[in-house]
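2 protein chains.
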Amino acid sequence: MSTIINVGESSNEKAALIASPARPGGWKKGIAIMDFILRLGAIASSLAAAITMATSDQILPFFTQFFQFEASYDSFSTFQFFVITMAFVGGYLVLSLPFSIVTIIRPHAIGPRLFLIILDIVFLTLATASGASAAAIVYLAHNGNQDSNWLAICNQFEDFCSQTSGAVVSSFVAVVFLLLLIVMSSLILGRH
Amino acid sequence: MSTIINVGESSNEKAALIASPARPGGWKKGIAIMDFILRLGAIASSLAAAITMATSDQILPFFTQFFQFEASYDSFSTFQFFVITMAFVGGYLVLSLPFSIVTIIRPHAIGPRLFLIILDIVFLTLATASGASAAAIVYLAHNGNQDSNWLAICNQFEDFCSQTSGAVVSSFVAVVFLLLLIVMSSLILGRH
Chain A
1 MSTIINVGES
11 SNEKAALIAS
21 PARPGGWKKG
31 IAIMDFILRL
41 GAIASSLAAA
51 ITMATSDQIL
61 PFFTQFFQFE
71 ASYDSFSTFQ
81 FFVITMAFVG
91 GYLVLSLPFS
101 IVTIIRPHAI
111 GPRLFLIILD
121 IVFLTLATAS
131 GASAAAIVYL
141 AHNGNQDSNW
151 LAICNQFEDF
161 CSQTSGAVVS
171 SFVAVVFLLL
181 LIVMSSLILG
191 RH
Chain B
1001 MSTIINVGES
1011 SNEKAALIAS
1021 PARPGGWKKG
1031 IAIMDFILRL
1041 GAIASSLAAA
1051 ITMATSDQIL
1061 PFFTQFFQFE
1071 ASYDSFSTFQ
1081 FFVITMAFVG
1091 GYLVLSLPFS
1101 IVTIIRPHAI
1111 GPRLFLIILD
1121 IVFLTLATAS
1131 GASAAAIVYL
1141 AHNGNQDSNW
1151 LAICNQFEDF
1161 CSQTSGAVVS
1171 SFVAVVFLLL
1181 LIVMSSLILG
1191 RH
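So the sequences go chain by chain: A and B.
Going by the working numbering, the first residue of the first sequence is number 1, and it counts up by one from there.
Going by the working numbering, the first residue of the second sequence is number 1001, and it counts up by one from there.
By construction, these hints were calculated from the structure, which means they are not laboratory data.
Where hints are given, some of them may not hold.
[Unchecked claim] Just some of the chain B residues that point at chain A, by a computed CB distance under 8 Å: (1) S1075; (2) L1116; (3) I1118; (4) I1121; (5) A1129; (6) A1132; (7) A1136; (8) I1137; (9) H1142; (10) N1145; (11) S1148; (12) V1173; (13) L1189.
The C-beta atom is built at its ideal place from N, Cα and C for all residues, glycine as well.
Assemble the whole structure, with the sequences as input and the hints as a guide.
Encoded structure:
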């Protein structure tokens, strides 16, 4: 019993050491490094979303005299918007890496953090808008809509549908990464 | 010429008075009041979006023996999602008003501000997702899509289309209000 209490005390001492005012920027540095890692994840998922959507193209093996059945991302203007926006988001995130490194080196600097959080919010909105609008079209492609007589096209264009669905999922992963980034940044700003 | 210089000096003095350290919470209180007003605007636009979409219903004046042509928001699951989400966003914004009042009374308190900014970010994402997905469907309803043989339904359902378009515009107004709210909050958090 006494041993357990001792262990508890020593871990309390460790916690006190970690949170000691002698290293006030310690946890901020840790969060800044996590920010950098999350940013890498967001870059990977947003660029994967853009590339997956941009390469989605399916030509059906049968055709009539006048018409060949083809589905590609540029059939739908929503998917074009998706490719452009996700590429923009990925590009912004790559350019934001140096600023993230600055916050690792100088955990107490407010300027770069404020700059990052405001741009992050703008690009979060962009990524959410493109992901959600593409999701609405993918849903229609899978299920169709009876009242407006829009038929599901996924029975014919299976590969196209699975590829666009994957791109949408990937974009939502990027949105979750961006959300975590922004919440972490605002927590740091609130505690500085 | 000297008069102009005098005016410039006196306005400089005024600016110095406003920014004087004797009233350090002055500009924060101003921004907190603006936060409250923007929140009222966001409530109005998000609830207007939900109500406009929920009341969109049009029955065409001609029918066959077996079928009556009707379009309403619950024909499209995206529009149902839109109504539910915008009602949620409006409800959250109403519940956030007391916290906004607390930041007016205590401009230096960090807790309520941090609470508001994190929830604002979550509901900004929700509002953007529902607005963008509804916009994708409204676009299809207006223009159709040739490659997937989805015909535009707005030629028949004019009232339905104009009402849903209005709801989408209103939701984007709410998104802009929320964006402004979050940017203002993060600026305050960065300067405290």
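Verification of the supplied hints:
A distance limit of 8 Å between C-beta atoms decides the matter here; for B:S1075 the minimum to chain A is near 4 Å, and the interface restraint holds. A least Cβ separation of about 10 Å between B:L1116 and chain A goes past the 8 Å threshold, and the interface hint is therefore violated. The restraint placing B:I1118 at the interface with chain A holds, with a minimum CB-CB distance near 6 Å, inside the 8 Å limit. Look at B:I1121: its Cβ gets to within about 6 Å of chain A, closer than 8 Å, so that hint holds up.
Checking B:A1129 against chain A by beta carbon gives a least distance of about 4 Å; that is within 8 Å, so the hint holds. At a threshold of 8 Å, the smallest CB-CB gap from B:A1132 to chain A is about 4 Å, leaving the interface hint in force. With its C-beta approaching chain A no nearer than about 4 Å, B:A1136 sits inside the 8 Å limit, and its interface hint holds. Evaluation of the B:I1137 hint against chain A yields a held restraint, the C-beta minimum of about 6 Å falling below 8 Å.
Using the Cβ-Cβ criterion of 8 Å, the hint placing B:H1142 at the interface with chain A is not satisfied: the shortest such distance is roughly 11 Å. Checking B:N1145 against chain A by beta carbon gives a least distance of about 6 Å; that is within 8 Å, so the hint holds. For B:S1148, the interface hint holds, the least distance from its beta-carbon to any beta-carbon of chain A being 5 Å, beneath 8 Å. Contact between B:V1173 and chain A, as hinted, is not supported at the beta carbon level, the nearest pair being about 14 Å apart and thus beyond 8 Å.
Against a cut-off of 8 Å between C-beta atoms, the interface hint on B:L1189 holds, since the closest Cβ of chain A lies about 4 Å away.
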